[in-house]
Amino acid sequence: MKSITAEDRRRIEEGIRQKYTKVAKSPEGNFRYPTGEAGLKGQNYSPEIFIKLPKDILASYCGVGNPFTLGPINKGEAVLDLSCGAGVDTLIAAIMVGRRGRVVGIDFTPEMLERATENLRKTSLDNVTFREASAEDLPLPDASFDAAISNGVFNLIPNKLKALKEVFRVLKPLGRLMIADQVLTVEPSEGIRSMVENWAR
Amino acid sequence: MANEAGFVEGELVKDTGFNSSPVTKGVLLRFRKPKDAQTKLANISSNPTER
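Here the protein sequences line up with chains A and B, keeping their order.
Residue 166 in the numbering used here sits at position 177 of the first sequence, with consecutive numbering throughout.
Residue 28 in the numbering used here sits at position 24 of the second sequence, with consecutive numbering throughout.
Hint data in this document are derived by calculation from the structure and do not stem from the laboratory.
Do not take every clue at face value.
As the list claims (entries may be wrong) - Calculated cross-link-like contacts (lysine to any residue; reagent style SDA-like; alpha-carbon spacing at most 25 Å):
| # | chain 1 | residue 1 | chain 2 | residue 2 |
| --- | --- | --- | --- | --- |
| 1 | B | Lys18 | A | Val172 |
| 2 | B | Lys18 | A | Leu173 |
| 3 | B | Lys29 | A | Glu176 |
| 4 | A | Lys161 | A | Phe97 |
Bound conformation, chain B alone (with noise of 0.2 Å):
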């Protein structure tokens, strides 16, 4: 999804070691936009279902 909105060099870095559910995991993650990126979007979606 961070790659959707243009994002590059994503990374999950570590765990964060808490856990909020036995179904959860606490991540770090590091995303970087690119040197060369546009910075407005012409396509921001309006789409209710994207998460």
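Okay, chain A solo, but in the shape it has when bound (with noise of 0.2 Å):
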């Protein structure tokens, strides 16, 4: 497979950024992916939270799948939120765990942090806190996470066995990763491996 040089990793993270901060200003209609509270009830997310978050956090939620069906968060626990978008998925953890537990969210987005931020401010949640960060470089101590989930991020990451890494590293022993995601069902032809353009799409 044709290798990532350090500018096939600039352009890849540049698209991802630029895809990213349309969709944190108006992900309705800008994308394909499940979106807004009707992509939520297509994923089978708990009823309770329609009840808990606000109408216009919900209508921010963008994912591929709902990683909370893969096992119990539960309350106490430490939650890890990679590549968090505009922390729809950090919001349920963080009712999940509740005031004993906590939540971090990291993207590398600014603007889908800020509007992760927005929607914090919109609850009353307390245990929750957003760093911008890659996945690959997690600026997070060793063993502190019980849990991590992604929703539609790995798929994007250029190194993935270096993210795949850093999650461990962060998790406690036992702890979980609970992962939705896309994955090709083909081998791809040579011309859209090489097609950098291709990554965000």
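Each chain sits in its own coordinate frame; assemble them with the hints.
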């Protein structure tokens, strides 16, 4: 497979930032993935969130699945939301872990973090932190989380193994990684592999 | 790849029912860090070809 050069990486990351900057401002109608309240219902998110989170927070959801269907998030736990976007899954995890728990959402798109912070301000949750960071280089201590979630993220990460090793590092022993994502069902042609422009499509 | 990172008990639990294109499929994946895992990895690769 063709190597990813530093320039390729820069273009991939810039393409992702540009796309998700637009999504942060207006996920509705700008994205082919499940979005908003309809997207959450389509992916079988718990009815509880439609009561506990304001409609304009729900409207900012964009994802590809529901990582919470992969297992419980328990009261008092520490959870990491990788590339949290507008933070809807982060806030849902924060409700689940309660006041004794904590949730950290990381993302490398400033506009997404701005939206996430804005969403957090609309709630009374006090157990959430958002930080600007890449999933490939987590500014977080070893063994500090009980669970990590990600929703439509790994397909975008240039160095997936590095990101997986970082998540492994910050999880506690017996920690869970729960991923909703899109995977290729065919071997991509060389033409598609080489098109860095396709990365964030 | 998750095994290479140290995860165990990897499982493709189910499809999401949403496919973003004719050649992709939405999936839900679950992995666990072993109980006796070392928290510091000695050899985080800097190989840019790893994906």
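Notebook entry, point to check: Of the numbered hints stated previously, which ones are contradicted by the structure, given in increasing order?
Noted result: none
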